[in-house]
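Peer 1: Residues 0 to 342 in numbering that gives the first Met the number 0 are what the sequence shown spells out, letter by letter.
Bear in mind the hints are in silico, worked out from the structure with no lab data behind them.
Among the hints, erroneous ones may be present.
[To be verified] As a list, the in silico SDA-like pairs of lysine to any residue whose alpha-carbon atoms are at most 20 Å apart:
1. Lys107 to Asp86
2. Lys142 to Leu112
3. Lys83 to Leu112
4. Lys11 to Arg305
5. Lys6 to Arg305
6. Lys168 to Lys142
7. Lys278 to Lys320
8. Lys142 to Ala183
9. Lys107 to Glu31
10. Lys320 to Arg305
11. Lys107 to Gln129
12. Lys286 to Tyr273
13. Lys11 to Gln129
14. Lys136 to Thr215
15. Lys168 to Asp133
16. Lys320 to Leu122
[To be verified] Pairwise CB distance ranges, derived in the manner of DEER restraints:
17. Pro74 to Asp324: 49 to 57 Å
18. Arg140 to Asn91: 38 to 46 Å
19. Pro184 to Ala89: 46 to 54 Å
For each residue, glycine too, the CB sits at the ideal point set by N, CA and C.
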Amino acid sequence: MNPLSYKTLDGKAPLVIAHRGASGLLPEHTLESYQRAIDDGADFIEQDLVLTKDQVLVCRHEPMLSGTTNVADLPQFANRKTTKTVDGVAYNDWFVSDFTLAELRTIKARQALADRPQQFNGLYDIPTFQEVIDLAKAQTRAKGRTIGIYPETKHPTFHEALGLPLTSKLLEALDAAGWNNRAAPVFVQSFEVANLRAIRTQYQSTVKTVQLLDATDVDASGNLTLVAPAAQPYDFVVAGDQRTFLDLTTDAGLDFVKTYATGIGPWKPYIQPYTPTAKLPPTTLIKRAHQRGLLVHAFTFRNEPRYLLPAYQNNPTAEYKHFYDLGLDGVFSDYTATAVAAR
């Protein structure tokens, strides 16, 4: 595609955002995974952020540890398994908030999905957010191109209830990096709303922010289904706000999001609906977001056939090209090299 023909908001090529690093190839949220994604051409590397007991930001997909680490194999931590409620759902697991950073340093990452490479399990550490900032800056110098970061505040309501100030710790880290501003190579994302609004109002930050938009599934007619906990931002649930993620994609919803966010991060079917056997006409979401000056970065693009839209079961490159043609401003991808090649 000619660079002049992109339908993105700024007319530039869409961003490739390494979803948890090169998570299709290496254990997610490790320095090794981020480095592989950078080597494969990522523009941004994504971090899901949670807080340790001693209030250090570390990169894990969830506050729970068993799905992405070897914690269950470590007898010294057997008694740390407990039950906590996250976004209204009870989990019996090991929680980052019950470990100090020093203790987490003794736990190793593993591949979360059984059909992806397992040979790197137990080799890599859980990185701190600061280590990832340092990596992005060092690689920006080494590669001669900007490597941005794309942190997500994971379950802010859960953390705040434990007395763990997730959002303020994130902004402290960005301050220290000189990156707490709109010009910085940073997007802060969240499925919740209140913390993104607080970044603008309470903290008076101009850093770029993205409102994530979740859903549960797609029904046989191609309609998005919304079931808790993926139906609403959890802070809406706590506040008694009835609006769903789908409501935030209406014109009124986008007008609201525009008051505090730089862009939206919808799940792919918000843009391209489908049935089990067919691709339906695309929605107007990108067009309406762009009319309001909002960027659109969609998730999650993967190579495995089970994650591809029906029309692209064996051709992830074609799926990327379709979304690029629709004017998408960025893709969250588990396979950076495929996203870059398709672009």
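Peer 1: For a C-alpha distance cap of 20 Å, please report whether Lys168 and Lys142 respect it.
Peer 2: Roughly 29 Å separates the two Cα atoms, so the pair is violated.
Peer 1: Quick one, are Lys320 and Leu122 close enough, alpha carbons at most 20 Å?
Peer 2: Answer violated: Lys320 to Leu122 is near 35 Å, above 20 Å.
Peer 1: When you check the alpha-carbon spacing of Lys107 and Asp86, does it fall within 20 Å?
Peer 2: violated, 26 Å
Peer 1: For the pair we were handed, Lys142 and Leu112, check the Cα-Cα distance against 20 Å.
Peer 2: With Cα atoms ~30 Å apart, Lys142 and Leu112 exceed 20 Å; violated.
Peer 1: Taking 20 Å as the top limit, are the C-alpha atoms of Lys168 and Asp133 close enough?
Peer 2: holds, 16 Å
Peer 1: Could you say whether the range 38 to 46 Å given as a hint is met by the Cβ separation of Arg140 and Asn91?
Peer 2: This hint holds: roughly 44 Å between Cβ atoms.
Peer 1: Does the alpha-carbon distance linking Lys83 and Leu112 stay inside the 20 Å limit?
Peer 2: violated, 23 Å
Peer 1: Run the distance test for Lys286 versus Tyr273: straight-line Cα separation, threshold 20 Å.
Peer 2: holds, 19 Å
Peer 1: Hey, Lys142 versus Ala183, does the alpha-carbon distance stay inside 20 Å?
Peer 2: Judged against 20 Å, a Cα distance of about 18 Å means the pair holds.
Peer 1: Is the hinted pair Lys11 and Arg305 satisfied, with a Cα-Cα distance of at most 20 Å?
Peer 2: violated, 30 Å
Peer 1: Can the restraint linking Lys320 and Arg305 be considered satisfied, given a maximum Cα separation of 20 Å?
Peer 2: holds, 18 Å
Peer 1: Taking only the CA atoms, is the gap from Lys11 to Gln129 under or equal to 20 Å?
Peer 2: Roughly 29 Å between the alpha carbons, so the hint for Lys11 and Gln129 is violated.
In this structure, the earlier hints numbered 1, 2, 3, 4, 5, 6, 13, 14, 16 and 19 are contradicted, and the remaining ones agree with it.
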